[in-house]
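Assemble the complex: chain A is given as a structure, and chain B must be docked to it using the hints.
Chains A and B supply the protein sequences, listed in that same order.
Each residue of the first sequence is one higher than the last, beginning at 1 in the numbering used here.
Each residue of the second sequence is one higher than the last, beginning at 1 in the numbering used here.
If you're looking for bench data, these hints aren't it; they were derived computationally from the structure.
For glycine and all other residues, C-beta sits at the position ideal for the given N, C-alpha and C.
It is possible that some hints are incorrect.
Said to hold, decoys possible - Which bits of chain A does chain B cover? Going by a derived footprint, with three or more residues having C-beta under 8 Å, they are:
no., segment
1, 32–38
2, 116–124
3, 144–154
4, 160–167
Unchecked claim - Here are some chain A residues pointing at chain B (derived, C-beta under 7 Å):
no., residue
5, L19
6, L27
7, G42
8, T43
9, A55
10, M56
11, V59
12, R157
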Amino acid sequence: MSLFELCEWLANTSWSIALHESRYAFLGVLTIHVLTLSVFVGTSLMIDLRLLGVAMIRVPASQVIERLVPWSAAGLILMMTSGALLFYAAPLVRYQNIFFRMKMATLVLALLNAWLFHRTVYRRIADWDRDAVPPRAARLAGGLSLILWVVIITAGRMMAYQDYWFN
Amino acid sequence: MILEFCRWIQYSAPLVAMRDSPWVFPVIATIHLIGLTMIGGAVLLVDLRLLGLGLRHQPVALLARDAERWLLRGLFVAMSTGVLLFMCFATKYYYLTFFWVKMAALILVIVLTFSVRRRITAANEPQVNDATGRLVAVVSLTLWTTVALGGRYIGFP
Numbered sequence: 001m002s003l004f005e006l007c008e009w010l011a012n013t014s015w016s017i018a019l020h021e022s023r024y025a026f027l028g029v030l031t032i033h034v035l036t037l038s039v040f041v042g043t044s045l046m047i048d049l050r051l052l053g054v055a056m057i058r059v060p061a062s063q064v065i066e067r068l069v070p071w072s073a074a075g076l077i078l079m080m081t082s083g084a085l086l087f088y089a090a091p092l093v094r095y096q097n098i099f100f101r102m103k104m105a106t107l108v109l110a111l112l113n114a115w116l117f118h119r120t121v122y123r124r125i126a127d128w129d130r131d132a133v134p135p136r137a138a139r140l141a142g143g144l145s146l147i148l149w150v151v152i153i154t155a156g157r158m159m160a161y162q163d164y165w166f167n
Numbered sequence: 001m002i003l004e005f006c007r008w009i010q011y012s013a014p015l016v017a018m019r020d021s022p023w024v025f026p027v028i029a030t031i032h033l034i035g036l037t038m039i040g041g042a043v044l045l046v047d048l049r050l051l052g053l054g055l056r057h058q059p060v061a062l063l064a065r066d067a068e069r070w071l072l073r074g075l076f077v078a079m080s081t082g083v084l085l086f087m088c089f090a091t092k093y094y095y096l097t098f099f100w101v102k103m104a105a106l107i108l109v110i111v112l113t114f115s116v117r118r119r120i121t122a123a124n125e126p127q128v129n130d131a132t133g134r135l136v137a138v139v140s141l142t143l144w145t146t147v148a149l150g151g152r153y154i155g156f157p
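If we strip away everything but chain B, and leave its shape as in the complex, we get:
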């Protein structure tokens, strides 16, 4: 069923036209990478703070609020371009384990970020340097690294 869906997307007229263009895929892939840097910056800012490794004098809540805006923008850039990249070669990705690992990690990290992590960063008081904050930061960084690694390995021969 999923495979049929992938096939249908990949061979639909607009996607065939997109694949025919020599520069559309590289340009979208580049924008996807820029989205990755936006996510990286916004995530590291807060997670490093939770680990007590940066901007220690600033309240977590303040940093998290600023960073979340940029995280959402980064997610928008990376996910909208990511969907297009997927549609270009949907049936290829369907057979790649790394692709499904990446999607699973992505879903997990988004759920974590906008539930537990958000509640912890909003709590603010006192300096959140306790074990929970550190644990959440480590899990968040591990999951994001898995997403990025999955993405890189999708492209390997």
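Just chain A, same shape as in the assembly:
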């Protein structure tokens, strides 16, 4: 089964049609998706800025990360769940959207970046915890994360304009 056929099958399930045709459920999910942006990307942003050595430099990096990660993780779960539902409501529309594809590719890169950070330089955090400016690898991870999330937000916003621009 190709990806397209999978989307086609999903689009024909009764729950997908129900969500697509509902007035308030769909708008509610959309609202959650956009509002959790400020929780998830907002808290990640503060972590990234700490890793770059430009915010909260007097607070040990480990504390910023340990305290904020539960909130950004909760935000991420909400974003991914609501995002998955938004996809499920219109699988074929999302599938053919160039900005959606761009967004998903960038999302993979952002998650990979976070995973690599936790596997490498974060393991040695005791060595640089109190440094105002963390080592290059940590700054790279923070900077990349910032850029990738800006790209993801931009692509997400632009999804609404594909028809307007290209058709």
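Frame of chain A, contents of chain B only:
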């Protein structure tokens, strides 16, 4: 009077030119969203601390000072792009209740943030975990959520 003002802005030459461009509004709307994340991060950092839910070992004053810098930057980004978005479709927003709810909540939360909330976070000593701090944090979070919800509903059909 306000409506006439909205009409005048919306149909002024630079705004007509802006609306004619297919990408200006989407790009400004995107930057507006990025401003929202900056505000979200800076507000949550301090409000969660006031609620005793994060960074408990750090003095509130220190966090608040750092966060305020980013809050101001976020406000600058969101408000400057917000004004442009408003000017593009001023007369439409004039008739939307959600728009006025959003503006009212925004004014209230800015006043709260730079008066009561700032005084509480600057006090620092001892660990501000008392009822006042919690109350201010809850009010602040509620108002910001109202601002964000208002913003989202402005865009709904």
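A quick look at each hint next to the structure:
Coverage of the segment 32–38 of chain A by chain B holds in this model, with 4 residues showing a Cβ closer than 8 Å to a Cβ of that chain against a need of three. Here's how the segment 116–124 of chain A fares: 0 of its residues keep a CB closer than 8 Å to some CB of chain B, so the rule of at least three is not met and the hint is violated. Requiring three or more residues with a Cβ within less than 8 Å of a Cβ of chain B, the coverage given for the segment 144–154 of chain A holds, as 4 such residues are present. Beta-carbon proximity to chain B at under 8 Å applies to 4 residues in the segment 160–167 of chain A; the threshold of 3 is reached and the given coverage holds.
A hinted interface residue such as L19 (chain A) counts as satisfied when its beta carbon comes closer than 7 Å to some beta carbon of chain B; here the least separation is about 16 Å, so the hint is violated. With its C-beta approaching chain B no nearer than about 6 Å, L27 (chain A) sits inside the 7 Å limit, and its interface hint holds. Because the closest C-beta pair between G42 (chain A) and chain B is about 3 Å apart, less than 7 Å, the hint holds. With a least beta-carbon distance of about 6 Å to chain B, the hint placing T43 (chain A) at the interface is held under the 7 Å criterion.
For A55 (chain A), the interface hint holds, since its Cβ comes within 7 Å of a Cβ in chain B; the closest pair sits about 6 Å apart. A least Cβ separation of about 5 Å between M56 (chain A) and chain B falls short of the 7 Å threshold, and the interface hint therefore holds. Among the interface hints, the one on V59 (chain A) holds; its C-beta lies about 5 Å from the nearest C-beta in chain B, closer than the 7 Å criterion. Of the supplied interface hints, the one on R157 (chain A) holds, with its beta-carbon coming within about 4 Å of a beta-carbon of chain B, less than 7 Å.
Taken one by one, the earlier hints fail for this structure at numbers 2 and 5, listed in ascending order.
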